[in-house]
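Asker: For reference, the chains in residue letters:
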Amino acid sequence: MSHPSIVSEEEESREEIIGLLQGFSKGRENLIPILQTIQKRHSYVSGLAMKLVAEHLEISSSEVYGVATFYNQFRFHPPGRHQIRICLGTACHVVGGDIILENFERKLGIREGQTTPDREFSIERVACVGCCALAPVAIVDEATHGHMAPSRVEGIILGFQIEKERLEREKQAENSEEKELGENL
Amino acid sequence: MKLAGVDEAIVRHRQLVDRARRRRAEMEHRELPRIEIGMATCGLAAGAGATKEAFEEACAVNGLHFSINPVGCLGHCYAEPLVVIHNPGFPPICYHNVTPGKAKALVKAFLQEGDPLYEFVLGAMEENDLIPAVTDFPRFHLEKRVVMERCGVINPEAIDEYLAGGGYSGLLKAIQVSPDAVIEEIIQSGLRGRGGAGFPTGRKWRLARDAGGSHKFIICNADEGDPGAYMDRTLLESNPHQLLEGMVIAAYAIGADRGIVYVRAEYPLAVERMRTAIRQAVEYGLLGKGILGTDLDFECTLFEGSGAFVCGEETALIESLEGKRGMPRHRPPYPVQKGFRSLPTVINNVKTLSSIPHILKHGARWYSGIGSPASPGTAIFSVVGKVVHPGLVEIAMGTTLRTLIFDICGGVPNHRRFKAVQIGGPSGGCLPESFLDTPIDFDSLTKAGAMMGSGGIVVMDEDDCIVDVTRYFLDFTQKESCGKCTFCRIGTLHLLNGLHRMTRGEGRDTDMEMLRTLSEEIKEGSLCGLGKTAPNPVLTTLKYFPEEYEAHVAEKRCPSMRCRALTAFYIDLDLCARGCDACVGSCPVEAIFTTVSRKKAIDQAKCVKCGECVSACPPEYNAVLKVSPPQLAPVVERPKEE
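Chains A and B are the protein sequences, given in the same order.
Residue 162 in numbering that gives the first Met the number 0 sits at position 163 of the first sequence, and the numbers go up by one each step.
Residue 98 in numbering that gives the first Met the number 0 sits at position 99 of the second sequence, and the numbers go up by one each step.
Chain A extracted, bound-state conformation (with noise of 0.2 Å):
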């Protein structure tokens, strides 16, 4: 069962859904495609979204749910705010790849293509980004970690967590501050 969260995102989804299923004809051709769009805007399929796919393609939703599992591009619940991607390539396998996966996995108390509770961090597997030379290498959001080592994996999730409190502080600084002004006001 999904969180009550995430149900509720999803039944807010439904009206995008059908306005993006418009753009498409009803050929089963176009079924690869429209999971595609779905999972750019949304991140992830979700299972009512599969539901409606099937209902526009006039298609049974067990046929929809059987080619997105086929395929590994699909995801099916929520990634995480940081997305932490650890290419396990040949190149990245050969130098330890698994054993910065296994760093990651225990410091966020996650396995790969999970999600965090408080969905701050997901952590995924990907075959090769294609930069063997720096082998072994982790993508986290949008930068790549190249020569990654066991002892690196702390500082970026170090990184991630003082930069959250860091905002955190600057919002209840500046909540302080609206409240004093009202007060005085």
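Where hints are given, some of them may not hold.
Calculated pairs, DSS-like style, for lysine-lysine (alpha carbon to alpha carbon, straight line, at most 25 Å) [as the list claims (entries may be wrong)]: (1) B:K172 x B:K143; (2) A:K50 x B:K323; (3) A:K25 x B:K323; (4) B:K639 x B:K605; (5) A:K106 x B:K337; (6) B:K143 x B:K478; (7) A:K39 x A:K25; (8) B:K531 x B:K483; (9) B:K522 x B:K542; (10) A:K25 x B:K337; (11) A:K39 x B:K323.
If you want the footprint, here are the derived chain A segments under chain B, 3+ residues with CB under 8 Å [unchecked claim]: (12) 8–16; (13) 30–40; (14) 61–69; (15) 92–104; (16) 112–118; (17) 122–128; (18) 168–177.
Treat the hints as calculated values from the structure; they're not laboratory data.
Beta carbons: idealized from backbone N, C-alpha and C, even for Gly.
Using the hints, position chain B against chain A.
Answerer: Showing chain B alone in chain A's frame:
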């Protein structure tokens, strides 16, 4: 039968080329410094974006005028980000590993003061008296560049740059003769499909031409799935028009009116550049209705593949285009007779189609003169793993593995010993040192038990475990098996389980025999190329490296000390320095503790064997040692807390 409007086409093509050359000449005439930055995926990953910004910023600060041209990839991954600077008065100079800091230094020293900063130079791009040319290095001059000739030299997003170099003149040659003559030329050239299996391209086209019908498809297979091969992506990102030209020629030869480029969605930059290229070609009248004013109609679209290794198989690719699960179909009927939408369909690999314009331009005789008689032409390999100069290498077929690995790519780094080379990715095989003098072509590799496959080459040294690498490839093919054939679906899982057991020290005496027989059975019981080749890594390693398997199974020992369950780290108390704390902070799991003698020791129960403490230990002590099997590590008790 001649195509109507050919004379018109010659004139139009001439005009396009002339205009492109004029534009280029105008740019060169201005005598401003030009900076070319390799901005394909690999360059960007290495930081080419930041380097470009640094150049722009430094030039703005210093008030310099110049132009920056984002080009594709030269294939020299070890040197990324790669920059070529054309400074008037100097030969074009290539700089390697240009960080933003180096970029700023180059602007100041080279562009302002005329000092080329020799310490950052890789080489000059042409012969001169000042700086050694890159062509003097084996990494450059032993290569034979045909398909990759313009990669990293031209801006892939500017059709004019492709035209200025004589682009689309292969197409012009093709339409001046009959389609049959084009097919005959390709047959004569001996070109074989570069997707891996090596089927003669000319014969495929012949079959499709003869298939009849008014609508046919030409599909470019750019669904590169091998986790370590990226030459197709580089070709799409660095020279997309070369591919389009090849597709139009193919369309003319077989009589196709629609084309599809099937690109992996994981290659966003390739998708974007291909879209740009298609749009530009349509604008220039090189694609679409009435190409160059002739009767030739050919429309080309792009389809984003969703990431399934099996879709590299032609019938699976067609299924996926039709919106289904990408599961291979029975053949016959072959796609050339009944393919996409049940119409005759030719599916060719990116490298195959990219070779076509060159064959038409220079003739079949020229092409068949390159490489070996049975496998003419060039091959592109992505050489990765334990080599000094990893990257993309295009060589003539028939070059030996030794030349490729040791002469071109610089051999194994850090004075380690070469152990094996894995060719052809998950469907290929692993060859030992005794095969280094094997010429690389389709037939000799198949004979050795490997395969050309995607062209991925992984070099392994003595620190790499053969069993572990085999397990890695099996893990990949097992996940990617589409599940249609029982032997492939369940058989590969059993192979994988067997290999898992071995790497964890739980191997059974019967496991080696099981791997061997099951591998043969999977090969026989599978429909498509994926299942038929999936056991190749297992079979070749069992054949050439039986002693590694025996050590894992019988002695529970990993000879290369790679399999983590079979190794242990410990700190030699004689070497460890009293009071030194270097390793403690490096351990991600706090497994290192202080002994009663104030030296350090590792808690084996906590250790995850990441090897960080080895790098952290100062080289003058080098006290962290690795052993296999793990029982060899001496046990040190953690002192009781008071």
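Asker: It remains to establish, for every hint, whether it holds in the given structure.
Answerer: Hint check results:
no. : hint            : result
1   : B:K172 x B:K143 : 24 Å, holds
2   : A:K50 x B:K323  : 17 Å, holds
3   : A:K25 x B:K323  : 14 Å, holds
4   : B:K639 x B:K605 : 17 Å, holds
5   : A:K106 x B:K337 : 53 Å, violated
6   : B:K143 x B:K478 : 36 Å, violated
7   : A:K39 x A:K25   : 20 Å, holds
8   : B:K531 x B:K483 : 13 Å, holds
9   : B:K522 x B:K542 : 16 Å, holds
10  : A:K25 x B:K337  : 24 Å, holds
11  : A:K39 x B:K323  : 20 Å, holds
12  : 8–16            : violated (count 0)
13  : 30–40           : holds (count 5)
14  : 61–69           : holds (count 3)
15  : 92–104          : holds (count 6)
16  : 112–118         : violated (count 0)
17  : 122–128         : holds (count 4)
18  : 168–177         : violated (count 0)
This entry does not satisfy hints 5, 6, 12, 16, 18, going by the numbered hints stated previously.
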